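Q: Here are the chains, one letter per residue:
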Amino acid sequence: MATPGPVHEALAELELTDHHCHGAATAGLAPEEFAALLTEGAAWPGVSPFDSPVGVAVRRHCAPLLDLPRHAPPADYTARRSALGPREVNRRFLTAARAEAFFVDTGHAPLPLTSPAELAAAAGAAAREVVRLEQVAEAVAARGVEPDAYAAAFRTAAEEAVRRPGVVAVKSVAAYRTGFALDPARPADAEVTWAARHWLASGGRLRDPVLTRHLLWTAVDLGLPLQLHTGFGDADLRLHHADPALLTDWLRLTSGTVPVLLLHCWPYHRQAAYLAAVFEQVYLDVGLALHHTGPTRCRAVLEEALEITPFRKMLYSSDAYGLAEFHHLGALCFRHGLADLLQDRVDADELSLPDALRIAAWTGRDNARRLYGPLVSAPARDPSGRPTRKV
Amino acid sequence: MATPGPVHEALAELELTDHHCHGAATAGLAPEEFAALLTEGAAWPGVSPFDSPVGVAVRRHCAPLLDLPRHAPPADYTARRSALGPREVNRRFLTAARAEAFFVDTGHAPLPLTSPAELAAAAGAAAREVVRLEQVAEAVAARGVEPDAYAAAFRTAAEEAVRRPGVVAVKSVAAYRTGFALDPARPADAEVTWAARHWLASGGRLRDPVLTRHLLWTAVDLGLPLQLHTGFGDADLRLHHADPALLTDWLRLTSGTVPVLLLHCWPYHRQAAYLAAVFEQVYLDVGLALHHTGPTRCRAVLEEALEITPFRKMLYSSDAYGLAEFHHLGALCFRHGLADLLQDRVDADELSLPDALRIAAWTGRDNARRLYGPLVSAPARDPSGRPTRKV
Amino acid sequence: MATPGPVHEALAELELTDHHCHGAATAGLAPEEFAALLTEGAAWPGVSPFDSPVGVAVRRHCAPLLDLPRHAPPADYTARRSALGPREVNRRFLTAARAEAFFVDTGHAPLPLTSPAELAAAAGAAAREVVRLEQVAEAVAARGVEPDAYAAAFRTAAEEAVRRPGVVAVKSVAAYRTGFALDPARPADAEVTWAARHWLASGGRLRDPVLTRHLLWTAVDLGLPLQLHTGFGDADLRLHHADPALLTDWLRLTSGTVPVLLLHCWPYHRQAAYLAAVFEQVYLDVGLALHHTGPTRCRAVLEEALEITPFRKMLYSSDAYGLAEFHHLGALCFRHGLADLLQDRVDADELSLPDALRIAAWTGRDNARRLYGPLVSAPARDPSGRPTRKV
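Residue numbers (full-length UniProt numbering), protein chains in the order written: chain U, 1 to 391; chain E, 1 to 391; chain F, 1 to 391.
No wet-lab data here; the hints were simulated from the structure.
Any given hint could turn out to be false.
What the hints assert, rightly or not - For the chain E half of the interface with chain U, some residues (derived, Cβ under 7 angstroms), not all of them:
{"hint": "1", "residue": "ALA188"}
{"hint": "2", "residue": "THR248"}
{"hint": "3", "residue": "TRP250"}
{"hint": "4", "residue": "ARG270"}
{"hint": "5", "residue": "GLN271"}
{"hint": "6", "residue": "GLU280"}
{"hint": "7", "residue": "GLU307"}
{"hint": "8", "residue": "ILE308"}
{"hint": "9", "residue": "ARG312"}
{"hint": "10", "residue": "ARG345"}
{"hint": "11", "residue": "GLU350"}
{"hint": "12", "residue": "LEU353"}
{"hint": "13", "residue": "LEU357"}
Please read all numbers here as calculations on a predicted model, not as lab measurements.
Using N, Cα and C, we set each Cβ at its ideal position, and we do this for glycine too.
Please take these sequences and the hints and turn them into a complete structure.
A: And the structure:
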């Protein structure tokens with residue numbers, strides 16, 4: 001561990017922009033629900049979800065916020081969590097995260113989660129919305145549409161969705177649905193119609209490669225920053241299909257259009273760093289890995305991710321989902337890991353202190369401001385009705 | 001290096017379960033045989049096999065057990081080794097490993113190796129057997145079988161093999177033969193017959209993709225834990241085809257059946273950790289990499305492998321083959337590396353000492369006990385004749 | 001950081017062999033030219049190229065050689081660089097690199113670069129030439145050739161190119177053109193003719209898979225060491241197609257022929273290490289990554305690359321291109337990183353000091369001497385006119 005110094009102080013004080021997260025659960029959680037949220041989806045009989053790096057981190061860094069000792073036993077933790085109730089639990093962790101703003105993916109809520117406005121209120125911070133495009137497409141399909149009208153209907157629905165007040169970005173989970181080993185070209189109308197015919201007839205989630213390509217190209221047309229889940233996620237993934245290097249040809253074709261934010265990336269964060277180093281429009285974060293690997297490893301992951309990444313290209317996100325612990329823990333891991341690595345470089349005279357402070361502020365907040373536009377106090381509908389990065 | 005503390009003491013005293021290794025050579029080794037065993041198969045003219053990380057580790061950590069100084073010259077090492085003779089060399093290193101049990105893959109012995117019973121006797125430990133299924137299949141082929149009888153003959157032979165006393169697991173080297181980029185589905189009978197016809201006519205090792213899939217699905221039916229070589233190995237491998245992430249679809253299909261143990265994994269240990277984190281039946285180790293990378297790097301490899309791995313999912317193996325040095329060195333690297341990383345976390349108050357001790361015992365011994373069943377003093381044939389995890 | 005010790009002293013004094021680099025720019029550089037060279041090709045509006053790991057390293061370690069303070073502001077740096085002029089800038093950095101020899105890839109010079117002789121004169125060192133085979137092939141095409149004469153014409157041109165005085169190796173950038181997921185077999189004459197017909201008619205760079213395979217097999221026939229770009233490079237790359245593990249089948253087929261040097265490798269340096277550990281003819285370096293990741297990370301990259309690499313198989317290269325800063329910075333990063341990791345092992349008694357000094361000298365100089373042949377004072381044409389490793 002590095003000796004704490006001015007970079008630690010600066011990062012402790014910095015109000016972060018968490019540019020990709022989800023809501024926190026609004027209802028009390030049964031033990032198996034808590035377990036499933038703690039471990040990215042899995043609750044296995046006979047194995048405590050606390051017996052994991054993230055479980056250790058929660059007992060160490062979250063228990064004190066629930067008035068428990070460090071390393072509190074799991075049973076004490078869940079009992080105290082239940083006793084306090086979701087509103088108080090969320091308030092404590094969300095305020096502890098000390099974020100200026102949360103950008104909330106609202107497209108995946110199998111259990112009741114805080115809306116962006118509720119998250120903002122609980123945290124005493126701003127919140128903005130990230131529109132998940134697969135959800136928009138699936139809503140179009142659910143409403144009923146003719147195959148040859150799907151492309152236009154999806155585009156219209158997406159345009160409407162991003163016109164909602166507070167929307168700052170769109171997101172795709174193509175990594176989960178098809179992976180990135182796709183033909184990079186924009187599909188022809190006839191292909192889209194053909195694929196839509198098949199999908200609309202068979203139903204289910206959007207998993208068709210042609211429609212996924214169409215979705216990604218429609219995202220380009222929308223003009224907002226595009227967030228892409230890459231790397232680590234739950235069991236629905238084929239991890240090797242979520243290697244962002246597979247996006248290379250598509251990034252070449254879309255060069256000069258919208259910013260593309262590679263989310264999470266682990267264990268392909270070096271591949272993501274390469275893309276951010278050579279493509280102007282590419283940015284990355286190591287969200288999700290921060291709290292799942294915990295504070296003892298997030299410095300290592302950040303160091304690998306930053307090996308060649310330009311300092312204007314790295315952002316912070318928690319990718320917290322369901323448990324407000326993760327909004328806090330992601331921020332804590334990020335602050336500690338980044339401060340340790342930067343302060344050590346300052347102490348070794350490999351980096352000047354002003355540069356270190358600048359890199360810390362960029363990564364934690366200012367790169368997001370630059371990319372998504374500044375926050376204004378009252379997000380409102382843009383009178384022109386057109387997508388805008390200023391909210 | 002971490003300051004030694006109670007976790008080091010606990011791991012030094014813990015009798016490990018080496019859940020995947022091979023026998024030690026029973027005859028004296030010519031220099032080129034020793035060289036080939038030292039370096040995973042290669043003995044190159046003009047290059048000393050000692051000029052490698054594993055060679056440095058052997059001179060440092062094995063020489064003293066042969067009554068030589070640390071860092072003894074290679075010529076002294078091999079001379080002393082020859083003078084002591086294989087029986088005494090094996091005894092010294094196998095007892096130094098301080099294992100409770102060795103689980104021995106008996107399916108690959110181009111040179112004479114200790115049987116599990118001989119290994120047990122030399123080590124003063126228990127030994128159990130791991131049945132390599134490719135060897136079973138190749139023995140069936142060698143005995144002669146009609147193509148349309150191959151599937152049943154292989155199944156019968158495998159069932160008989162695992163019914164032998166002391167068998168605790170089966171193993172596949174599909175990584176070497178076809179790699180993991182296979183159709184995950186169980187092949188139809190007609191496909192198996194067709195593929196068997198081709199293989200039985202042409203002979204050689206089992207390398208057919210259909211028969212490999214059939215082998216893996218037969219392993220599922222056997223009900224025992226299935227060990228899969230993944231990642232690093234000798235020159236017969238296509239490394240990128242041994243990335244365990246390629247198993248994802250097959251793991252999804254076999255969910256709820258047998259435990260799957262991903263062996264070695266390096267350099268894809270993070271991919272293996274992901275699989276262990278999201279699939280209930282998946283476990284991993286970083287055997288082979290421990291002694292090949294040596295004690296200066298095994299902490300780093302373990303830390304990467306443990307970034308997201310649930311602590312119930314990591315096991316210890318040496319994957320020692322031929323040289324008893326490796327049974328010792330694997331254990332030594334594992335103990336040092338794991339103790340260093342856990343003790344540092346305790347010292348930084350990121351982990352409680354009781355938790356650290358529990359994780360150490362789980363990883364070194366108890367996860368194997370839980371998975372393979374407890375050792376009993378006298379392994380004996382199960383009277384029912386059916387496969388069982390209790391031996 | 002390690003405590004400096006005798007290994008640091010030895011590596012500080014060692015005259016390196018930089019076995020793969022390019023020339024330094026001979027003309028003054030406009031700011032955007034400097035920016036593009038600093039960041040592997042990209043100069044983005046509104047983003048300073050100095051805001052990157054390599055930019056930080058240049059300000060820290062190169063500014064003092066231009067009489068500026070450490071961490072000098074970018075504007076001061078570029079102003080001072082311009083004021084000194086390219087000749088003086090090159091002289092300062094090239095002499096600071098303290099290399100015994102530079103092996104210079106002369107095949108890519110969109111802007112005017114020092115010839116090997118000019119580089120040698122500026123550095124006070126020897127220089128040798130590496131022939132880029134794609135350039136030879138493209139020159140053959142540019143001169144005009146019938147498709148069925150292409151194979152022989154390319155072979156003759158390549159043989160002539162390597163007969164030039166001072167040529168020590170050939171190089172291919174197949175990683176950029178087709179990637180390594182190629183049929184490993186030598187293509188038949190008819191295939192080559194057919195592919196040449198297509199290429200010669202359409203023009204452009206050599207990107208045809210059959211002709212790339214032909215080029216690689218012709219390289220084998222030439223008998224000189226073959227350098228292959230792998231891993232990290234500029235935006236023309238598909239990174240995942242440059243994973244050297246994809247070369248496995250080709251390496252198996254070409255076993256026993258020419259040495260193959262895997263250049264750079266990051267982030268696939270562990271895959272490269274595996275290949276170097278199991279194939280006699282394979283060597284690697286982590287050039288390019290050294291200065292792009294900078295001195296704070298090159299130890300980590302070297303440690304990963306050396307985890308299993310035999311110590312006779314690792315070489316030093318800078319892969320410096322255009323900016324003489326990189327000839328210096330590569331050497332500095334290499335010296336610091338390797339000395340830190342070796343000295344720490346000595347201090348922990350994991351490696352003897354004589355072994356550490358031997359490994360340092362091998363890696364920095366002697367492995368290259370052994371592989372490419374000793375330097376003689378006056379490189380001259382071999383009277384037999386046949387390729388030779390002695391220059």
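Q: Do the numbers back the hint for E/ILE308, that is, is its least Cβ distance to chain U under 7 angstroms?
A: With Cβ-Cβ at 5 angstroms, under 7 angstroms, it holds.
Q: Taking the closest Cβ pair, is E/GLU350 under 7 angstroms from chain U?
A: Result: holds, 5 angstroms to nearest chain U Cβ.
Q: Quick check on the hint: E/GLN271 CB to chain U CB, less than 7 angstroms?
A: holds, 6 angstroms
Q: Under 7 angstroms, Cβ to Cβ, is where E/ARG345 needs to be relative to chain U, so tell me if that hint holds or is violated.
A: Holds, about 5 angstroms.
Q: Is the shortest C-beta separation between E/LEU357 and chain U less than 7 angstroms?
A: Nearest chain U Cβ about 13 angstroms off; hint violated.
Q: Hint E/ALA188 vs chain U: min CB-CB distance below 7 angstroms?
A: violated, 24 angstroms
Q: Is the hint on E/THR248 kept, meaning its closest Cβ partner in chain U is under 7 angstroms away?
A: Since the shortest Cβ distance to chain U is 5 angstroms, the answer is holds.
Q: Taking the least C-beta to C-beta distance, is E/TRP250 closer than 7 angstroms to chain U?
A: Hint on E/TRP250: violated, closest Cβ of chain U at ~11 angstroms, above 7 angstroms.
Q: With a cut-off of 7 angstroms, does the beta carbon of E/ARG312 approach a beta carbon of chain U closely enough for the hint to hold?
A: holds, 5 angstroms
Q: Return the status of the interface hint for E/GLU307: holds when the least beta-carbon distance to chain U is below 7 angstroms, violated otherwise.
A: holds, 4 angstroms
Q: Is the shortest C-beta separation between E/ARG270 and chain U less than 7 angstroms?
A: OK, holds: E/ARG270 within 7 angstroms of chain U, min 4 angstroms.
Q: Once the shortest beta carbon distance from E/LEU353 to chain U is found, is it less than 7 angstroms?
A: Violated. Min distance 9 angstroms.
Checked against the numbered hints above, the structure violates hints 1, 3, 12, 13; every other hint is satisfied.
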